[in-house]
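If you read the sequences in order, they're chains A, B, C and D.
The first sequence: position 48 = 60 (my numbering), numbered continuously.
The second sequence: position 203 = 215 (my numbering), numbered continuously.
The third sequence: position 30 = 42 (my numbering), numbered continuously.
The fourth sequence: position 18 = 30 (my numbering), numbered continuously.
A portion of the hints provided could be inaccurate.
Copies of the same chain look alike in the list, so a pair counts if it works inside one copy or between any two.
As the list claims (entries may be wrong) - As a list, the in silico SDA-like pairs of lysine to any residue whose alpha-carbon atoms are at most 25 angstroms apart:
1) K210 to Q64
2) K47 to S213
3) K47 to P368
4) K210 to E160
5) K47 to F84
6) K47 to S65
7) K47 to P371
8) K210 to A174
9) K210 to H283
10) K47 to S30
11) K47 to E207
12) K210 to S178
13) K210 to T317
14) K47 to A195
15) K210 to G280
16) K47 to T129
17) K47 to G225
Since the hints were derived computationally from the structure, they do not count as laboratory data.
4 protein chains.
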Amino acid sequence: MSHNSFGHLFRVTTWGESHGPAIGCVVDGCPPLLKLDETDIQPWLDRRRPGQSRYTTQRQEPDEVRILSGVFEGCTTGTPISLEIQNVDQRSKDYGAIAQQFRPGHADLTYELKYGTRDYRGGGRSSARETASRVAAGAVARLVLGNEVSVRGALVQIGARAIDRSRWDWEQVGQNPFFCPDAETAALWEQDLAEVRKTGSSVGAVIEVVADGVPPGLGAPIYSKLDADLAGALMGINAVKGVEIGDGFASAASRGEDNADEMRMESGAVHFSANHAGGVLGGISTGQPIVVRFAVKPTSSILTTLQSVDRHGADVDIATRGRHDPCVGIRAVPVGEAMVACVLADHLLRHRAQNPTAPARAMLPRN
Amino acid sequence: MSHNSFGHLFRVTTWGESHGPAIGCVVDGCPPLLKLDETDIQPWLDRRRPGQSRYTTQRQEPDEVRILSGVFEGCTTGTPISLEIQNVDQRSKDYGAIAQQFRPGHADLTYELKYGTRDYRGGGRSSARETASRVAAGAVARLVLGNEVSVRGALVQIGARAIDRSRWDWEQVGQNPFFCPDAETAALWEQDLAEVRKTGSSVGAVIEVVADGVPPGLGAPIYSKLDADLAGALMGINAVKGVEIGDGFASAASRGEDNADEMRMESGAVHFSANHAGGVLGGISTGQPIVVRFAVKPTSSILTTLQSVDRHGADVDIATRGRHDPCVGIRAVPVGEAMVACVLADHLLRHRAQNPTAPARAMLPRN
Amino acid sequence: MSHNSFGHLFRVTTWGESHGPAIGCVVDGCPPLLKLDETDIQPWLDRRRPGQSRYTTQRQEPDEVRILSGVFEGCTTGTPISLEIQNVDQRSKDYGAIAQQFRPGHADLTYELKYGTRDYRGGGRSSARETASRVAAGAVARLVLGNEVSVRGALVQIGARAIDRSRWDWEQVGQNPFFCPDAETAALWEQDLAEVRKTGSSVGAVIEVVADGVPPGLGAPIYSKLDADLAGALMGINAVKGVEIGDGFASAASRGEDNADEMRMESGAVHFSANHAGGVLGGISTGQPIVVRFAVKPTSSILTTLQSVDRHGADVDIATRGRHDPCVGIRAVPVGEAMVACVLADHLLRHRAQNPTAPARAMLPRN
Amino acid sequence: MSHNSFGHLFRVTTWGESHGPAIGCVVDGCPPLLKLDETDIQPWLDRRRPGQSRYTTQRQEPDEVRILSGVFEGCTTGTPISLEIQNVDQRSKDYGAIAQQFRPGHADLTYELKYGTRDYRGGGRSSARETASRVAAGAVARLVLGNEVSVRGALVQIGARAIDRSRWDWEQVGQNPFFCPDAETAALWEQDLAEVRKTGSSVGAVIEVVADGVPPGLGAPIYSKLDADLAGALMGINAVKGVEIGDGFASAASRGEDNADEMRMESGAVHFSANHAGGVLGGISTGQPIVVRFAVKPTSSILTTLQSVDRHGADVDIATRGRHDPCVGIRAVPVGEAMVACVLADHLLRHRAQNPTAPARAMLPRN
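This is chain A alone, in the form it adopts within the complex (with noise of 0.2 angstroms):
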């Protein structure tokens, strides 16, 4: 299998380079007879697209979304779902330098290495543009997915500043320009990363996705576990560096007690003490939200002159100029998102072909 295709029978191929003519995606294997038009992909475009906030890349896109295949009268028809997104800010200008050196943290060096070319306008196929693809397939997602599911993200933490989350509150997130489900952190935030664009310098963060209502079953129990795709669709965001589900890293320093997630009968179902877990047992959903994050880095691109190499093997050295994102990782939420979204619409198509008598079944107790 090639490697611009994600999922298995809910399937997204991704295609398209960030100053080419456009980018876009195929989603296969979506159900017939869901309602479906662009406007039902469009929000979530929105809320992903650069240059609503100082605090994320200016380039101006509309990033609008046109749907050319697999919709009849309004509704899925079960064939493939063509997307397709025109690239409008292509801002023309000298890419000597670029196109002849290797930018410290970006992919332009592995390209090179692996293919022996690039096309380096604007990061090329590594483009954080890219991602506005995942996000459209995701809203496909979505509708499979269906009203009882809801996929949400929100920014934990931003440099070394995580969130209070005593102050969780959902409503907050489309209230501030991070995500921020803490209006408190928000502010705080504003001035930190006030700092950082003063100096030129990034930070990291670090994004949390909470899906609520999936339905028990999910998953598979060796190597489609579904913590593990997952896992394996986050960090394919550009500049994750680690992935987590439920209590992640901190679980390695806790006790067995402590992180025992204990089952009760209430009104007839299991209701869980707590959920460490992250949803997730055996690679199975529980039935409980699913709780993933993910770290990523700081924007690799910053006005500090840093040390490289050009393509002709001579040490250069490259600062940014121009657009300049602070902290990337704030785009990376509704990306987070429509990745987990994805990997639960491909995971339910799964099971239900293996176990089509398995909501039935769901329900305890029995004999």
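Once you've looked at the hints, dock chains B, C and D against the given chain A.
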């Protein structure tokens, strides 16, 4: 694609339950003419084998591997390699309670919710015993990678106590029962675990795997990023709750300047000032060491009584009796190595399929 | 994906060589809670078993299957089913000549060209013995399809002599050594083959497989068309050189009017005037019987001396000694059935993943 | 894996409906640094384009392809190549009847049974228009195969009339509207089709595709046999009902002696006495020409009134009006070539992944 296969070209399919007659795997896609017999695999299995110290489960299994196909006159033939390990120590006992009850933190409940049934004997398919197949496959993957590539793991944290990285010594790893590269910390862990065992509790752990000698260019830009596939592979190991590469979660708190791996030419090759990235940029290996870590939760089976429910929807109380494994993370070291080796072998094959002339291209400088 | 697995959701991975210790397969993706033990598989293997008549190879193999995983208390669990068959009759002999020479019409040369090596004992991996694994997997596939679906094969031509289709009687298939549905032709084939055997020659054959009760809607529009997957599955059987569905090659010579399967409503269901299409339209099953045929070439190993070359580039002359199988097509009947069953089971799972409400939709009329 | 992708490493995903805004495909896994622009693709599309003679549909489509990604400075980059073709001639008309009725021999009924809906305009996804995407992908596949490999198709039978193979002349193929290699038969087909057209009927056809220069060793022993993948690829073309390789169905009637491709060394290479096998032994290419044929049924849309049913379960009578294509098999020639090219390109990549030193091994003699 079904759920018990791993990899695209170097492809491992595992099967078997803890208390069935045997477990095993089929390794497909292995290149021909590699020297292989059981002695190439057995040492790696022996490292993982239970019952070797009082810090791991006391189940006694010789874990003797047998090659049933794909090898002729001492060499691989390019056809599938079937590896089989008999289950010997299937201690007969009364499974009455476990058959009906769901142990907290185990896959008992989720298997039941997904499949409506489960082989409850010794954890069935969800037993850590399955990881023996992974280790066997990993031994074959090492042959594919060749002698230039080494994949080594170490335990870097048990419970709240981490090693002192300044004392890292790979030689130590084989000389204590913890795969610990720091002799002083190993001694402290002995005391820590004695206390944990005495109280019938358990602790988590963090494992680090380092792959040296990996050629640049392995990986792919979008969904089969090398780090994404590594993350999925490691998160898919039993009890793992977090995965990170390079600086991982710590990179969220760092600044762009501090996170930069700068480059300079040295003796005709690119030399990096650091390896915050963990050997991967844009999803593609740089040629630096690949450095990944994963967190294992504390063993769920503890002597403390925990609240749970049974198949009939009744509340029950559960405490583990008999074999007790205070830190399941210890034996995860060889498993983590194996998964990393399998991912790298798969990507090596994928890379040379698309980029057969890449090795020649990898040499800088060029025009 | 590697090359010894078949199917996407109902997925079979086979392994093993003719003269290794065993052959077998792993069946992954099988739904849980299907009643399964060895007696569900053995009868199908017995039908394929060599040495049952003088018209097939005299190798004596009990072909006794053993289930090593995936079944608990008599039912499938949803985890991989490992099936194993010991190789018993590995008649020891001097392979000297065969080890060095390439038999015309066999895979000796091509394995050598591809892999640089081959297990030459009894044909190694390319032996028809591998098809026992397919038949075993097919037996599991039949359970997935359920009792409403029957998959039956028959031999319809040996050499130049075809059956008289007006005498087709499924009952006859089990009552002659040829799986022939036409008793009169079976009698003539006995004479034909006696002559072929006497001259040390061999003949080809055509097999027809009919699947009744297949629900409408299986398949997919473009690349996973049901007929495309059937064609690939059947062409992949040893010695097969052609595959057709419905009227097949004869449809090239027909007129549109003659090839039309017209429709009328009868008792609330669509009734077709004919089945020229063989049960598939646009790659998707219509609900009519699936009718496929495949051609098997004459056995390549004959007593006549043939010209060939050896590994060292020398010209050699080769004639088969010992076991001689005048029509390898006979034993292809149960193998063809098994492959059709596997394709249908896989598509059944794929279909219900994407179209869970399709059974309800399948009932005409509607608005 | 979903159902609109083809190939494992050289992977084509198509999308689009006959009367939507556009159709297209994404070609993933293409090696980098191949010279590619639209002029490498357009000529192949032009060969397939409708409306070029009175023997094919009169729909007028320029079929102008546009490369949207994966190419930079005139060369492939190793990233996905997005190809797009606008739909221009979407002749507006009243689809009232077709929207409700199921045309015999078409996918109308089966799409409806599978998906519960269909884009009925011009056949929607099941239109032969989709094959333009395959031809575009095939043009890229040819670049992967390189100049040493040629893939050429010809029409060898229309209706009951086959060519005289002794007059085979590849030069003729481009000089008549039938891709016919036998000028005399082409002249007779003109007369045949004039009669077919006059009566409003249709006829089937047989196409032969020959691939010269294919290196030995492509393919795999069991389920990804080169001939199996070719069979699936060709059977997946619209209206195809049979596929064969080498002597195909005729081999069933032949004797072992007559079917033997004997070997002798000539000038240091293996020379075959014949090519009954069609270039494949044991699923692996021999180095001889690959020779495959496929049968296309007569066009289902004819002027004769046929019985059918509609979505509401009522009996209806249907006759095609307007555009009428007396032999849809003609335009299948470039499509067949494209599918063969895609299969070969995919297997070339798969082969060198597992067997990087095979080219060196391919030279006989050796020890």
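Going through the hints against the structure:
| no. | hint | in the structure |
| --- | --- | --- |
| 1 | K210 to Q64 | within (19 angstroms within a copy, 57 angstroms between copies) |
| 2 | K47 to S213 | neither (45 angstroms within a copy, 40 angstroms between copies) |
| 3 | K47 to P368 | both (23 angstroms within a copy, 17 angstroms between copies) |
| 4 | K210 to E160 | neither (44 angstroms within a copy, 46 angstroms between copies) |
| 5 | K47 to F84 | within (10 angstroms within a copy, 38 angstroms between copies) |
| 6 | K47 to S65 | neither (32 angstroms within a copy, 41 angstroms between copies) |
| 7 | K47 to P371 | both (24 angstroms within a copy, 21 angstroms between copies) |
| 8 | K210 to A174 | within (21 angstroms within a copy, 37 angstroms between copies) |
| 9 | K210 to H283 | neither (50 angstroms within a copy, 31 angstroms between copies) |
| 10 | K47 to S30 | between (30 angstroms within a copy, 21 angstroms between copies) |
| 11 | K47 to E207 | neither (46 angstroms within a copy, 48 angstroms between copies) |
| 12 | K210 to S178 | neither (31 angstroms within a copy, 35 angstroms between copies) |
| 13 | K210 to T317 | within (15 angstroms within a copy, 56 angstroms between copies) |
| 14 | K47 to A195 | neither (35 angstroms within a copy, 54 angstroms between copies) |
| 15 | K210 to G280 | neither (57 angstroms within a copy, 37 angstroms between copies) |
| 16 | K47 to T129 | between (42 angstroms within a copy, 12 angstroms between copies) |
| 17 | K47 to G225 | within (21 angstroms within a copy, 33 angstroms between copies) |
Hint compliance for this structure: hints 2, 4, 6, 9, 11, 12, 14 and 15 are not met, and every other hint is.
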